[in-house]
Amino acid sequence: MKVQIGGKPGNSSNDNIKNSNLTEMGLGETDFVGKLYNKEFKIKGLKVKNIEYIKRSDKEREKLRREFDSTEREKFVKKLANEQAENLRKAGITDDEIALMNDGLLPSKDWQVHHKRPLDDSGTNTFENLVLIRNHPYHKAITNYQNEKTRDLNENDKNILKFPIPDGMIFPKERDEEFEKSIQPNSKRKKKTKKEL
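The letter at position 79 of the sequence shown is residue 79 when you use full-length UniProt numbering, and the numbering goes up by one with no holes.
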């Protein structure tokens, strides 16, 4: 088992840390700085927490993912539609989209149900671990960050890292269209030619 404090896993002087009880320390919570299209940006209200990320086995993760895809996502979406309609409206979801949610569907392609603690780590399908999150730029930025920080982990490897964990059941709580529009691909970016590759 490899253990690493921050950054990418590998051999370090911290490899002998076992049962360090650092999960959800909550130290140094700050707003998450995401990255998309080679641009860095701060996401207000999305706090970063120090967690102990332990790579789950593929078999366990796939079992939890099947449960989520078959029943748990639908249950969570229905719960939000039934209990959080006013908060959904504040987040920019229309009454027609809330009606879709009553049927267990996502409001639109602009939204995802996200695991706060990933299934790849110690995350579960409990409602406390789920959040309805706007896909662009929030969910994309979190997913990119997770992939970057954990791609080299093998089963049971540990990595103590700062991780973005949204509060509540809906994120963001209110839509900020100006901010969302500011995070776009640079259409003037020069495409590399075959010679440059």
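It is possible that part of the hints are untrue.
In the DSSO-like style, the derived pairs of lysine-lysine whose C-alpha atoms are separated by at most 27 Å in a straight line are [what the hints assert, rightly or not]:
1. K63 to K78
2. K90 to K35
3. K42 to K75
4. K149 to K44
5. K181 to K63
6. K149 to K63
7. K59 to K173
8. K47 to K173
9. K149 to K79
10. K181 to K59
11. K63 to K75
12. K75 to K181
13. K181 to K90
14. K39 to K79
15. K47 to K90
16. K109 to K75
17. K90 to K44
18. K35 to K47
19. K173 to K63
20. K140 to K59
21. K140 to K42
22. K140 to K78
23. K109 to K181
24. K162 to K78
25. K59 to K90
Pairwise CB distance ranges (calculated) [unchecked claim]:
26. N147 to A99: 15 to 23 Å
27. K39 to K78: 18 to 26 Å
28. E86 to T143: 26 to 34 Å
29. G104 to K173: 20 to 28 Å
Hints were generated in silico from the structure; no laboratory data involved. Glycine residues also receive a C-beta, built at the ideal position from the N, C-alpha and C atoms.
Tested hints:
no. : hint                     : verdict
1   : K63 to K78               : holds (22 Å)
2   : K90 to K35               : holds (26 Å)
3   : K42 to K75               : violated (32 Å)
4   : K149 to K44              : holds (21 Å)
5   : K181 to K63              : violated (37 Å)
6   : K149 to K63              : holds (23 Å)
7   : K59 to K173              : violated (34 Å)
8   : K47 to K173              : holds (14 Å)
9   : K149 to K79              : violated (32 Å)
10  : K181 to K59              : violated (39 Å)
11  : K63 to K75               : holds (17 Å)
12  : K75 to K181              : violated (31 Å)
13  : K181 to K90              : holds (18 Å)
14  : K39 to K79               : violated (35 Å)
15  : K47 to K90               : holds (20 Å)
16  : K109 to K75              : holds (18 Å)
17  : K90 to K44               : holds (16 Å)
18  : K35 to K47               : holds (15 Å)
19  : K173 to K63              : violated (31 Å)
20  : K140 to K59              : holds (25 Å)
21  : K140 to K42              : holds (14 Å)
22  : K140 to K78              : holds (24 Å)
23  : K109 to K181             : holds (16 Å)
24  : K162 to K78              : violated (31 Å)
25  : K59 to K90               : violated (39 Å)
26  : N147 to A99: 15 to 23 Å  : violated (34 Å)
27  : K39 to K78: 18 to 26 Å   : violated (36 Å)
28  : E86 to T143: 26 to 34 Å  : holds (28 Å)
29  : G104 to K173: 20 to 28 Å : holds (23 Å)
The structure fails to meet hints 3, 5, 7, 9, 10, 12, 14, 19, 24, 25, 26 and 27 from the earlier list, while all remaining hints are met.
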